[in-house]
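Peer 1: Assembly of the complex is requested from the two constituent chains, each provided in isolation within its own frame, with the hints serving as guidance.
Going down the list, the sequences are from chains S and Y.
Using my numbering, the first residue of the first sequence is number 1, and each one after it goes up by one.
Using my numbering, the first residue of the second sequence is number 1, and each one after it goes up by one.
Accuracy of the hints is not assured; some may be wrong.
Computed footprint of chain S on chain Y; a stretch qualifies when at least three of its residues, placed anywhere within it, have a C-beta under 8 Å from a C-beta of chain S [stated by the list, open to error]:
(1) 4 to 11
(2) 77 to 87
(3) 110 to 118
No more than 25 Å apart at the CA atoms, straight line, and that leaves these computed lysine-lysine pairs for DSS-like [as the list claims (entries may be wrong)]:
(4) S:Lys507 with Y:Lys186
(5) S:Lys395 with Y:Lys26
(6) Y:Lys186 with S:Lys395
Just so you know, the hints here were simulated from the structure itself, not pulled from any lab data.
Predicted, not measured: the structure shown is a model, and the values here were computed from it.
Here a beta-carbon is modelled for each residue, glycine too, at the ideal position from N, C-alpha and C.
One-letter residues, chain by chain:
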Amino acid sequence: MSQAEAAMTATVPPRWQEAVPGAILSADANGIVVAPEKLVEFCTYLRDQEGYDYLSNVTGVDYLYYPGRDASNRFEVVYHLYSVKKGSGPLVLKARAPAENPELPSVTSVWPGAELQEDEIWDLYGIRFRGHPFLRRILLWEGFHGHPMRKDYKEAFYEEEGKPFSSRWPEGHHVWAEDRVPWHDNVNYPDDFDPETWKEPVTFQAPPDEPSQDGNGHLRTSRIVVNMGPHHPSTHGVFRMVVTLEGETVVSLKPVMGYLHRNHEKIGERNTYIMNIPYTDRLDYLSPMSNALGYVLAVEKLMGIKPPERAEYIRVIMAELTRIANHFWSIGFLLNDLGAYYTPALYAIRERELILDLFEEASGARMLCNYMRFGGVARDLPPGWLEKCSDLAFKRLPRAIDELEHYLTHNEIVLARCKGVGYLSGEDMIRYSVSGPMLRASGIPYDIRKVEPYSIYDRFEFEVPQFDGCDVYDRYRVRVFEIRQSIKIVQQALKQIPEGEIQAGKKAYQVRVPPGEVYFRIEAPKGELGYYIVSDGKPNPYRYRVRAPSFINLTALEPMSIGYKVADTIIILGAIDIVLGETDR
Amino acid sequence: MFGLGVIKGFGVTLKHFIETYIDDVKKIPSRYGERRGVIEQGPEDRGLFTIQYPEERRALPERFRYIPMLLRDDETGEDRCTACGICAKVCPPQCIWIVRDKDENGRPITRPAEFYIDASICMSCGFCAEFCPFDAIKMNHDYELAAYERYPKLVYDKEELTVPVSYYARLYPTQYAEEEKARADKKKAK
Numbered sequence: 001m002s003q004a005e006a007a008m009t010a011t012v013p014p015r016w017q018e019a020v021p022g023a024i025l026s027a028d029a030n031g032i033v034v035a036p037e038k039l040v041e042f043c044t045y046l047r048d049q050e051g052y053d054y055l056s057n058v059t060g061v062d063y064l065y066y067p068g069r070d071a072s073n074r075f076e077v078v079y080h081l082y083s084v085k086k087g088s089g090p091l092v093l094k095a096r097a098p099a100e101n102p103e104l105p106s107v108t109s110v111w112p113g114a115e116l117q118e119d120e121i122w123d124l125y126g127i128r129f130r131g132h133p134f135l136r137r138i139l140l141w142e143g144f145h146g147h148p149m150r151k152d153y154k155e156a157f158y159e160e161e162g163k164p165f166s167s168r169w170p171e172g173h174h175v176w177a178e179d180r181v182p183w184h185d186n187v188n189y190p191d192d193f194d195p196e197t198w199k200e201p202v203t204f205q206a207p208p209d210e211p212s213q214d215g216n217g218h219l220r221t222s223r224i225v226v227n228m229g230p231h232h233p234s235t236h237g238v239f240r241m242v243v244t245l246e247g248e249t250v251v252s253l254k255p256v257m258g259y260l261h262r263n264h265e266k267i268g269e270r271n272t273y274i275m276n277i278p279y280t281d282r283l284d285y286l287s288p289m290s291n292a293l294g295y296v297l298a299v300e301k302l303m304g305i306k307p308p309e310r311a312e313y314i315r316v317i318m319a320e321l322t323r324i325a326n327h328f329w330s331i332g333f334l335l336n337d338l339g340a341y342y343t344p345a346l347y348a349i350r351e352r353e354l355i356l357d358l359f360e361e362a363s364g365a366r367m368l369c370n371y372m373r374f375g376g377v378a379r380d381l382p383p384g385w386l387e388k389c390s391d392l393a394f395k396r397l398p399r400a401i402d403e404l405e406h407y408l409t410h411n412e413i414v415l416a417r418c419k420g421v422g423y424l425s426g427e428d429m430i431r432y433s434v435s436g437p438m439l440r441a442s443g444i445p446y447d448i449r450k451v452e453p454y455s456i457y458d459r460f461e462f463e464v465p466q467f468d469g470c471d472v473y474d475r476y477r478v479r480v481f482e483i484r485q486s487i488k489i490v491q492q493a494l495k496q497i498p499e500g501e502i503q504a505g506k507k508a509y510q511v512r513v514p515p516g517e518v519y520f521r522i523e524a525p526k527g528e529l530g531y532y533i534v535s536d537g538k539p540n541p542y543r544y545r546v547r548a549p550s551f552i553n554l555t556a557l558e559p560m561s562i563g564y565k566v567a568d569t570i571i572i573l574g575a576i577d578i579v580l581g582e583t584d585r
Numbered sequence: 001m002f003g004l005g006v007i008k009g010f011g012v013t014l015k016h017f018i019e020t021y022i023d024d025v026k027k028i029p030s031r032y033g034e035r036r037g038v039i040e041q042g043p044e045d046r047g048l049f050t051i052q053y054p055e056e057r058r059a060l061p062e063r064f065r066y067i068p069m070l071l072r073d074d075e076t077g078e079d080r081c082t083a084c085g086i087c088a089k090v091c092p093p094q095c096i097w098i099v100r101d102k103d104e105n106g107r108p109i110t111r112p113a114e115f116y117i118d119a120s121i122c123m124s125c126g127f128c129a130e131f132c133p134f135d136a137i138k139m140n141h142d143y144e145l146a147a148y149e150r151y152p153k154l155v156y157d158k159e160e161l162t163v164p165v166s167y168y169a170r171l172y173p174t175q176y177a178e179e180e181k182a183r184a185d186k187k188k189a190k
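Just chain Y, with the same shape it has in the complex (with noise of 0.2 Å):
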C-alpha cells in the first residue's frame, strides 16, 4: 500500500515518545526526585537520551580526562613532581612549561620552581598523566573552566594545578589502588 512506509515511520516516532516516558517512571530513584544531578544511560534505555544540562549531569566514567593536574603528598606536603620535563617533552601542543629550581649554588635540584599549564591551549590527550614515571601528574575530570579572560585565568601556575593525593584518589579509586600496590611492591622487592 502506498504511504505504509510513512505510516510505520509515524508509530516508531509514537513508540518513543511512549518508552521516554516509561523509561522515566521506571528509573528508581527518579530523576525529578531528592537525586536529581547524576545520570547514568545505558543500554536498557528505550527512550530518548536526554540530560538537562547543568542541573544533571552524566556520570563520569574513571578515566575521563580533561585538564592535567599536579599531586601533592597529604602528609609530607611534598609535590611528587621532580621536574624530569618528560612532560613538557611528550606534550603535542607544547602547553606544558616548567622552571627546575636550583640550590644556592646554582646546581639543578629536582623539584620545579615553576609549572604552568596553558589551559587554552590544552588538547586533553593524557599524555602528560601516562608517561610521568613518578605519577606526580594526572587529569582532572573537572571540565567547567570557562572564563571571561584567557589571561591570566587560563594559564595555570603550580599553585593553581596542584591538588592533594587524597582527591587523586577519588576520583580514580581503582587506578589508585593499583599504582599503590605497584609502589608497595617495588618497596619490598629493595
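Isolated chain S (complex conformation) (with noise of 0.2 Å):
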C-alpha cells in the first residue's frame, strides 16, 4: 500500500468510498479531495447516512502561487461539515476547479446554508456554482469588473504583494497614495469598456404586476417591491432588504449587503500574522475581545504554542464580559427595534459602558482593544483591575441583568410582538448553518464552548440555554440566559486566575508560522466565528477567511420573514443581532 492511500484509509472509512464509487480521489490530514461531479451525491450521502447535517463554513483558496500547486486546478473550494447530532467535526471536503472557467456544482440543495456563501466565493474569487439558486454578486456590485481575491488581482492603491513595504524605511520620503496612483495599471477596466454607453447591469427586477394569489375579493392587489434600507435606522448599518409585499404581508425578501465591503480577507492577505490582530477588532466591533481570540487561537494552533495559565484567565474573563456587553448591547437595540425608542436601550448601554471602561484600562482602547497575542495578552492587568471586576461581576452586572428582566421579560407590549414572530424550528436552523443563540433559541443546545472547549472553557461550569419557542421572544430569553452565564464563568475566573507569565516566550513582531491549514472556531457572542487559515510559511498568510456569523445567519432570514408582517421582518433582523462591519468585511 502507497502512503498516499495509507493517509487516505487513515481519514476516510472504507464505506464512504462504496457509498459512492469514485467519488474521493484523495485525503489526507487536511481534508478528502471530493471529485467535482459527484459532489452533490456524496454530500447528500455524508448529511443522511453519517449525520453531518451542519456545513459551517464555505470558501475559496486560489492555488496559483502556493509552492508545489499545480496552476492550472488552481480553484479550491473547501467545505468544512460539522455534526450536530453527534458533535462531530470538522469534516474538510475540498473541490477543485480549472483556471478557465472555474465551475463547480452548488451544495445549496443538501444544505441551503451554503446560499450566501456560495454567492461570496462567486463573487471574490470568480467560481460559478451550478444549480446555485440566485449566484449574484453578494459584496461588490454588479458592474464590479474582477474578482478581488485571486491571487493575481491587484486592489486599487496596490503596492507590494505583502506588507511591510519597502518604501517606508529606510528611505521613507512620505507619499500620497492618491498621488502615486491616481489611474495606474492596478487599475482594472473590462476591454470593451466605455464610459459614456456603459450602463449598470440590473440586479432585481420588479415582478410583474400580477394579480394577488390570495384573490381578495373583488379588490384590485398587487404586489408591491420596497427597498427597506440601506438608509434606515432599523437595519443597524447599511443593510438593505428587498422586500415584496403583498398587503403588509412579506412574500419574498433578499438581503443586499456589501455597503461596507473593504476585503478583510485581501488585507489580511497582504498583512502579516501579527498585523492582522488589530483588523480583527474592526470585524464584529461590539465583541473585539472575541474576535481577537478567535484569531489568535487559530495561528497558535498552527504553530502549536500555548499561552501561559494566567493569559488563559485573562483571555477568557476578557471573552466573557465581552459576549456580556454585546448581549446587552442587542437586547437594548431590539426594544428600539420594537419602537421603546432608546430608553431601554439606554439602560442596557449603560452597563455595557462599564465593561467597556475595565477594556480600556486593560488594553487602552474602548472598542477597538488590539489586546490578544500570540502565546498570550498584550499586556498584564493593571493594579486595581480584578478589583472593580469583580465589583461588576459580583455586584452590579447581576443586579443589572435582573432589572432588566424586571421591566422586560414579562412587559405585556414586548410578549405581543415577539412571541411566535419569526419561527424557524431547530432543524431548518441547522440547514441554514444558523449558529450561536440563534440556534438555542431553536431548542438545539450546541454551545461550542461545550461541544469543543477551546481555551480553557472546561475548567468552568456554566449551562447552555435551551428554550423552544423558536421565535424572537425565545432568541431576547436566550440572551439574558447567557448573560447570567458569563456572568457566573466571570465570577468563576476571577476567583481562580493565578499570578505569573501573560506571554509564553519572547515576544516579536514578526512570528514564524509553519505551512499548513487551520479551521479554528470559537463561540462568540453572535454565533460561530471561525478562522480558516492557510499558510505557506512566509510572514504573510496565503489565504485567511473569516467565517463572520452575523453574514451566514442572515441566509435564513428570507425563510424566517415570510409570512409575518413588513414591521416583523425589523424585529426579526434585530433579532439575529447583526453587525455590518463583520457581515460585509
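Peer 2: Encoded structure:
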C-alpha cells in the first residue's frame, strides 16, 4: 500500500468509498478531495447516512502561487462539516476547479446554508456554482470588474504583494497613495469599457404586476417591492432588504449587503500575521476581544504554542465580558426596533459602558482593543483591575440583568410583538447553518464552548440555554440567560486566576508560522466565528478567511420573515443581531 | 393583571430619573462647581451616565492610546529614536515613514533624518509603542486632532511628533517608573 493510500484509509472509512464510488480522489490530514461531478451525491450521503448535518464554512482558495501546487487546477473550494447531532467534526471536503471558467456544482440543495457563502465565492473568486438558486455578487456591486480574492488581482493603491512595504524604511519619503497611483496599471477595466454607453447591470427585477394570489375578492391588489435600507435606522447599519409585499405580508425577502465591504480577507493576506490582530477588532466591533481571541487561537494552533495560565484566564474573562456587553447591546437595540425608543437601550448600554471602561484600562482602547497576542495577551492587567472587575461581576451586573428582566420579560408589549414571530424550527436552523443564540432559541443546545472546549472553557461550570419557542421572544430570553452564565464564568475565573507570566516565550513582531492549514472556531457572542488560515511558511498568511456569524445567519432571514408583516421583519432582523462590520467584511 | 408589565417598566424609568439626581447631589466635589471638567464614572453610580463634552471629559486611564509621539531627552536634547525601522515594519496600515540619516561619507547612522506619521490612516493600534526596543515611540493621549485639511495637517513630521520625556512621564507615571527601573537594572548589570 502506498503512502497516499495509507493516509486515505486513516481519514476515510472504507464504507464511504463504497457508498459513492469514485467520489473520493485523495485524502490526507487536511481534508478529502472530492470529484466535482460526485460532490452533491457524496454530500447527500454524508448528511443523511453519516450525520454531517451542519455546513459550517464554505470558502475558496486560490493556489496560483502556492509552492508545489498545480496552477492549472488552481481553485479549490473547501467545505467544513460538523455534526450537531453527534457533536463530531470537522470533516473537511475539497473540490477543485480549473483555472479557465471555473465551475462547481452547488451544494445548496444539500445544505441551504451554503447560499450566501457560495455567492461570496462567486463574487470574490469567480467560481460559478451550477444549480445555485440566485447566484449574484453579494459583497461587491454587479458591475465590478474582476474577482478580487484571486491571487493575481491587484486592488487600487496596490503597492506590494505583502507588508511591510519597502518604501517606508530606510528611505521613507512620504508620498500620498492618491498621488502615487491616480489611474495606474492596477485599476482594471473590461476591454470594451466605454463610460459613455456603459449601464450598470440590473440585479433585481421588479416582479410583474400580477394579481394577488389570495384573490382578495373584488379588490384589485398587486404585489409591491419595497427597498428597506440601506439607510434605515432599523437595519443596524447600511443593509438593504428587498421585500416583496402583498398588502403588509412579506412574500419574499432578499438581503443586499456589501456597503461596508473593504475586503478584510485580501487586506489580511497582504498583512503579516500580527498585523491582522487589530484588523479583527474591526470585524464585529461590538465584541472585539472575541474576534481577536478566535484569530490568535487559530494561529497558535498552527504554530503549536500555548499561552501561560494567567493569560488564559485573562482571555476568558475578556471574552465573557465581551459577550455580556454584546448581549446587553443587542437586547437594548431589539427594544429600539420594537419602538421603545432609546430608553431601554440606554439602560442596557450603561452596563456595557462599565465593561468598556475595564477594557480601556487593560488595553488602552474601549472598542478596538488590540489586546490578544500570539501566546498571551498584550500586557498584564493594571493594578486594581481585578477588584473593579469583581465589583462588576459580583454586584453590579447580576443586579442589572435582574432589573432588565424585571421590566422586559413580562412586559405585555414585548410579549405581544415577539411571541411567535420569526418562527424557524431547529432543524431548519441547522440546514441554514445558523449558529449562536439563534440556534439555541430553537431548541438545539449547541455551544462550541461545550462541544469542543477551546482555551480553558472545560474548567468552568456553566449551562447552555435551550428554549423551544423558535421565535424572537426566545432569542431574547436566550441572550438574558447567556448573560447570567457569562457572569458566572467571569466570577469563577476571577476566583481562580493565578499570578504569573502573561506571554509564552519572547514577544516578537514577526512570528514564524509553519506551512499548513487550520480551521478554528469559537463561540463568539453572535454565533460561530471561524478562522480558516492557510500558511505557506512566509510572513504573510497565504489565505485568511473569516467565517462571520452575522453574515451566515442572514441566510435564514428570508425563511424566517415570509408570512409575517413588514413591521415584524425589523425585529426578526434585530433578533439575529448583525453587525455590518462583520457581515460585509 | 394585564398591563402590570408595562407599569413596572415605567417604575424603572422613574427610579432611574430620580437616581440620576441623587448621584449628582452625592458627588463630592460637585460636577457643577469649581471642578467641572474631569468625570470619573464607576459601578457605584446608579443613575444615567452623561458627560457634557466638551465642557466635561472622562478621566483617561494611563494606557489610553491615540496617535504615536516621539520622545526626546529633556537634558541632552537627543532623540531616543535610532531609526531601526521596527515600528514602520510592524505598523498594520503602514502609516510610518522613516528616512534614516547618513553621515558625511554617506554611511547610515542611527538617527532619523525624517519621521512621518500619517494620522489620517493611523489605526491607533499601539504596535509601534509596544515593539520599540528603545522606548522611543509612545502613544499620546491627545485626541482632539480634528483639522480642516487632510494635507498637510494630518501628516505629522518629526518636529510635530516629538515631545519631551517629562511629558511622557506625566502621562504614564506607572509605566515610566517601570521602564526607568528596568533601565537602571540593566545599567547595573553591565
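Peer 1: Hint by hint, which ones does this structure get wrong, listed from lowest number up?
Peer 2: 6
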